[in-house]
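Chains as they are written, first to last, in our numbering: chain S, 1 to 363; chain B, 364 to 726.
Note that these hints are calculated values from the structure, not bench results. The model shown is predicted, which means the values in this text are computed figures rather than measured ones. Hints are supplied without guarantee of correctness; some may be wrong.
Pairwise CB distance ranges (calculated) [stated by the list, open to error]:
hint, chain 1, residue 1, chain 2, residue 2, range
1, S, G292, B, E657, 46 to 56 Å
2, S, P210, B, V656, 35 to 45 Å
3, S, G295, B, K548, 32 to 42 Å
4, B, S615, S, E313, 18 to 28 Å
5, S, G105, B, T711, 32 to 42 Å
6, S, T6, B, A489, 24 to 34 Å
7, B, A455, S, V293, 17 to 27 Å
8, S, A317, B, P573, 27 to 37 Å
9, S, G295, B, H368, 23 to 33 Å
10, B, Q511, S, A317, 11 to 21 Å
11, B, E676, S, G292, 46 to 56 Å
12, S, E31, B, Q511, 48 to 58 Å
Virtual Cβ for every residue (Gly too), placed ideally from N, Cα, C.
Number of protein chains: 2
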Amino acid sequence: MTAPHTVADIPTPALILDVAAMQANIERMAEFFREGACKLRPHFKAHKTPEIARRQLAAGSCTGLTCATVAEAEAVADFCDDILIANEVIGADKTARVATIASRGVDIKIAVDSHEGLAMAGEAAATAGVEVGVLVDVNVGMPRCGVQPDAAAELASRVAETPGVRLRGLMGYEGHAVGIPEREKREQVTRDAVDRLLSAVSAVRDAGLPCEIVSAGGTGSYDITGRIRGVTEVQAGSYTLMDGAYEKLDISFRQAFWVLGTVISRPAPGLCVTDSGHKACTEDHGNPDVDGVEGASILFLSDEHASITLPPESAIAVGDRIRLVPSHTDPTINLHDVIYVLEGDRVTDVWPIAARGYAEQRR
Amino acid sequence: MTAPHTVADIPTPALILDVAAMQANIERMAEFFREGACKLRPHFKAHKTPEIARRQLAAGSCTGLTCATVAEAEAVADFCDDILIANEVIGADKTARVATIASRGVDIKIAVDSHEGLAMAGEAAATAGVEVGVLVDVNVGMPRCGVQPDAAAELASRVAETPGVRLRGLMGYEGHAVGIPEREKREQVTRDAVDRLLSAVSAVRDAGLPCEIVSAGGTGSYDITGRIRGVTEVQAGSYTLMDGAYEKLDISFRQAFWVLGTVISRPAPGLCVTDSGHKACTEDHGNPDVDGVEGASILFLSDEHASITLPPESAIAVGDRIRLVPSHTDPTINLHDVIYVLEGDRVTDVWPIAARGYAEQRR
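If we strip away everything but chain S, and leave its shape as in the complex, we get:
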């Protein structure tokens, strides 16, 4: 197989990356966190691409990386020695893999919100003779994981007493706030959520327990959460590549990746069909946007087709390429093996995407 030289040679459907736009996003975010006590811990789940994560770390202002799964942590442990799995790790197979990462000299931390999860983590760490860090996960308003703020100190004291693990701090993700389009409302919901987290931090400290790390935030709230005194790091990820959902916010990062498709059918003057369906571009945050074709919009996606309405006079022809802006970065990236790196129209590299598909990646 010959590597493609220009965007025209890329087999579709494919992810394409404007590396200059991505680098600008990375530097802009690093710049924001250069001043002040709060640092950035970029979330790997957004792009699952080691080459991108390396560039985030190289730009500075980072404490390390955030991951959502053990497989992601295994992938980044090759080049990053400070990892937070910002998620509950449940199952003896998975906690054993976390202990293996710790045994490689990585400062690895996981989220815990239950006695069961704490016991599993402690047992795996003690068995492997390593120490695994724990952040108590606090529910700050989204109906997902985390203990209530007033229960955090009790769980933290349990963590402090459990062999194999070490209490490192607290986390709480304001996922119900990060996508609110109106700035004022987003700011208010974010502040309320972080207040809940900080009330838990106070309770933990009042109990005489350490709380070195206080982790929160995402791309939609980084400049709110990242300026609240007491938060030590922010878990943003989507800012690197951006997507249709975050583009509607006032956060000024640039769209840096697209799903490239080929027009495979031109069945009517007002309609074309590309090969970029929902097996190439998810629709969980709504239909993608059509980029660079005046008046074009997605009618619907099928597995391997995007039906796109066009102005009747459109000159789009079979074989032409069309770029879609995905509505949601994370699951779209997860559909692809590689991302094609572009400088202008030139393909300068092809980067592998890691930790997809859930096959066990035990070392």
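Following the hints, put chain B in place on chain S, whose structure we already have.
Just chain B, lined up with the frame of chain S:
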């Protein structure tokens, strides 16, 4: 890595398969097509699993396999010598790969609905010194690919004149009909669609051109389309494993696969969170159903989480396993590397899923 012995050992999230239910579905569909002129050409895109496709062929009543992409055709060419890519194949890279499949002795056919697509197919086949079969794709009512019925004869005559390709027949997919829940309406829309296809067949034959294959239908319409005189094969796929969308129809195949998740958090009496989010189970046809937990339903999916509401008295605990019935088979399968094969609770095999991720699979 030790292969899991029972369902309790499977690392989650994971696809699990009730092989007995699948085999019953396969045999039931093969039985339907045993009598009559119309045969079955199972659609590989639904499951992308060679081990399942082998069993479909072994059950009989099949002309070969249907695929949606060139990569899928490459995967099944190892064990199937009669393949239809029921989709337009556009791009010199892809038509060259089709020609390579033909050079391996496979009777391969592709869908064509444009002069451009026809020219590309002919050129690649002639260059490789092989013959590629063509079905003219007819639009039967869904706003996707295909020429209008009254334009089919013109394109068919072009096909007949083009070196490298051979006109094998027509296809038309009534995708707008297969999901209609009311039987009577589904039957009417299906019959109208197939009428459009058959009017094109008549026009092609009236022009003195051959039309050996007339391909249509899906799981929602197989017993309508498969009994209409003139249709020679049906492209159904989802019947093998089934999903939440098709389960609402009156077609009586059994649910045969699930996404298995682990409860990772129990943040409130009426709520649990599993590790089976939309990177493991798509929501393009709506939320999955929760299987086997009385009164449970999906609140929302995140990348790596399913938030599930429970009756307040539920005894579900962290570490328990929960099965989801995906709303849509095809894109959910596409998220996973493997499917765990179960007989009861025993894992008897782990089958690889093929042709995911769009990395070029040129041989």
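Status of the hints after comparison with the structure:
no., hint, verdict
1, S:G292 / B:E657: 46 to 56 Å, "holds, 51 Å"
2, S:P210 / B:V656: 35 to 45 Å, "holds, 39 Å"
3, S:G295 / B:K548: 32 to 42 Å, "holds, 33 Å"
4, B:S615 / S:E313: 18 to 28 Å, "violated, 49 Å"
5, S:G105 / B:T711: 32 to 42 Å, "holds, 39 Å"
6, S:T6 / B:A489: 24 to 34 Å, "holds, 26 Å"
7, B:A455 / S:V293: 17 to 27 Å, "holds, 23 Å"
8, S:A317 / B:P573: 27 to 37 Å, "holds, 29 Å"
9, S:G295 / B:H368: 23 to 33 Å, "violated, 58 Å"
10, B:Q511 / S:A317: 11 to 21 Å, "holds, 18 Å"
11, B:E676 / S:G292: 46 to 56 Å, "holds, 55 Å"
12, S:E31 / B:Q511: 48 to 58 Å, "holds, 56 Å"
Figure legend: structure checked against the earlier numbered hints; hints not met, in rising order: 4, 9.
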